[in-house]
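Under the working numbering, the residue at position 192 of the sequence shown is numbered 192, and the numbers go up by one with no gaps.
Calculated from the structure, these hints are not laboratory results. Certain hints may be false.
To be verified - Restraint ranges, calculated between C-beta atoms of paired labels, are given here:
{"#": "1", "residue 1": "Ser158", "residue 2": "Asp84", "range": "11 to 21 Å"}
{"#": "2", "residue 1": "Gly73", "residue 2": "Ala151", "range": "39 to 49 Å"}
{"#": "3", "residue 1": "Asn197", "residue 2": "Leu140", "range": "23 to 33 Å"}
{"#": "4", "residue 1": "Pro144", "residue 2": "Ala120", "range": "33 to 43 Å"}
{"#": "5", "residue 1": "Pro59", "residue 2": "Pro6", "range": "20 to 30 Å"}
{"#": "6", "residue 1": "Ser49", "residue 2": "Ser5", "range": "22 to 32 Å"}
{"#": "7", "residue 1": "Arg79", "residue 2": "Asp17", "range": "22 to 32 Å"}
{"#": "8", "residue 1": "Pro91", "residue 2": "Met1", "range": "16 to 26 Å"}
{"#": "9", "residue 1": "Glu141", "residue 2": "Asp167", "range": "16 to 26 Å"}
Quantities reported herein were computed from a predicted structural model and do not represent experimental measurements. Every residue, glycine too, gets a C-beta built ideally from N, C-alpha and C.
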Amino acid sequence: MKRVSPAVARNSAPIADVLSKELPEIGSVLEVASGTGEHAVFMARRFPSIQWQPTDPDPDALASTEEWAREAGLPNLERPLLLDVRDTVWPVDRAEAVVCINMIHISPWAATAGLFRGGAELLTEGAPLILYGPYLENDLETAPSNVAFDADLRRRDSEWGLRNLDDVDSVANAAGFERTARYQMPANNLVLVYRKNATPKTETPAG
Numbered sequence: 001m002k003r004v005s006p007a008v009a010r011n012s013a014p015i016a017d018v019l020s021k022e023l024p025e026i027g028s029v030l031e032v033a034s035g036t037g038e039h040a041v042f043m044a045r046r047f048p049s050i051q052w053q054p055t056d057p058d059p060d061a062l063a064s065t066e067e068w069a070r071e072a073g074l075p076n077l078e079r080p081l082l083l084d085v086r087d088t089v090w091p092v093d094r095a096e097a098v099v100c101i102n103m104i105h106i107s108p109w110a111a112t113a114g115l116f117r118g119g120a121e122l123l124t125e126g127a128p129l130i131l132y133g134p135y136l137e138n139d140l141e142t143a144p145s146n147v148a149f150d151a152d153l154r155r156r157d158s159e160w161g162l163r164n165l166d167d168v169d170s171v172a173n174a175a176g177f178e179r180t181a182r183y184q185m186p187a188n189n190l191v192l193v194y195r196k197n198a199t200p201k202t203e204t205p206a207g
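Sequences and hints are given; from them, build the entire structure.
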């Protein structure tokens, strides 16, 4: 059954605008935790020269993505694959970039570690692993909406919750990635760009 997420309609274009600055012009992108599949359709349509590979660990999400992809009929949108990033073997062996939207805060911390570990195996030097979502930052006051969201997530599942950016950077560094860009996004979200064996840069404005 095809699922719909109201948030996708709001955040797809801003995310795509950032991706246009960070993704290669051609090649394949592995999307981790594609969810409903709406982002996959939007991005495949926005970037016709890129092969977009959606994935998800949830069979219902895969079914939704399959339906969205079938309806869209885009030649550069691949059929979704089952992927749990905590697995040591992934169903693809190459990609020019990895994109992960709104997964880190609604999954166990082991999924974040697995994402970077698997991404390191998949990507070549300089290739990007790009995250989108809400984060906690030690040097910035957390928006009240994010404080409430974090508390709600932790009530729902003790392994969920907004992650501290320093912790994400640490697990990325351990896997051989450096954060090269931080984009401030609408609704108190961030896009974080990590590149394999790259030199860190300063904050990058979204505009």
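To see whether the hints hold, each was checked on the structure:
1. Ser158 <-> Asp84: 11 to 21 Å: holds, 19 Å
2. Gly73 <-> Ala151: 39 to 49 Å: holds, 42 Å
3. Asn197 <-> Leu140: 23 to 33 Å: Since the Cβ atoms of Asn197 and Leu140 sit about 28 Å apart, the hinted range of 23 to 33 Å holds.
4. Pro144 <-> Ala120: 33 to 43 Å: Since Pro144 and Ala120 have Cβ atoms about 36 Å apart, the given range 33 to 43 Å holds.
5. Pro59 <-> Pro6: 20 to 30 Å: Between Pro59 and Pro6, where Cβ atoms are some 23 Å apart, the hint holds.
6. Ser49 <-> Ser5: 22 to 32 Å: For Ser5 against Ser49, whose Cβ atoms are near 26 Å apart, the range 22 to 32 Å holds.
7. Arg79 <-> Asp17: 22 to 32 Å: holds, 27 Å
8. Pro91 <-> Met1: 16 to 26 Å: holds, 23 Å
9. Glu141 <-> Asp167: 16 to 26 Å: Given a distance of about 18 Å, which is inside 16 to 26 Å, the answer is holds.
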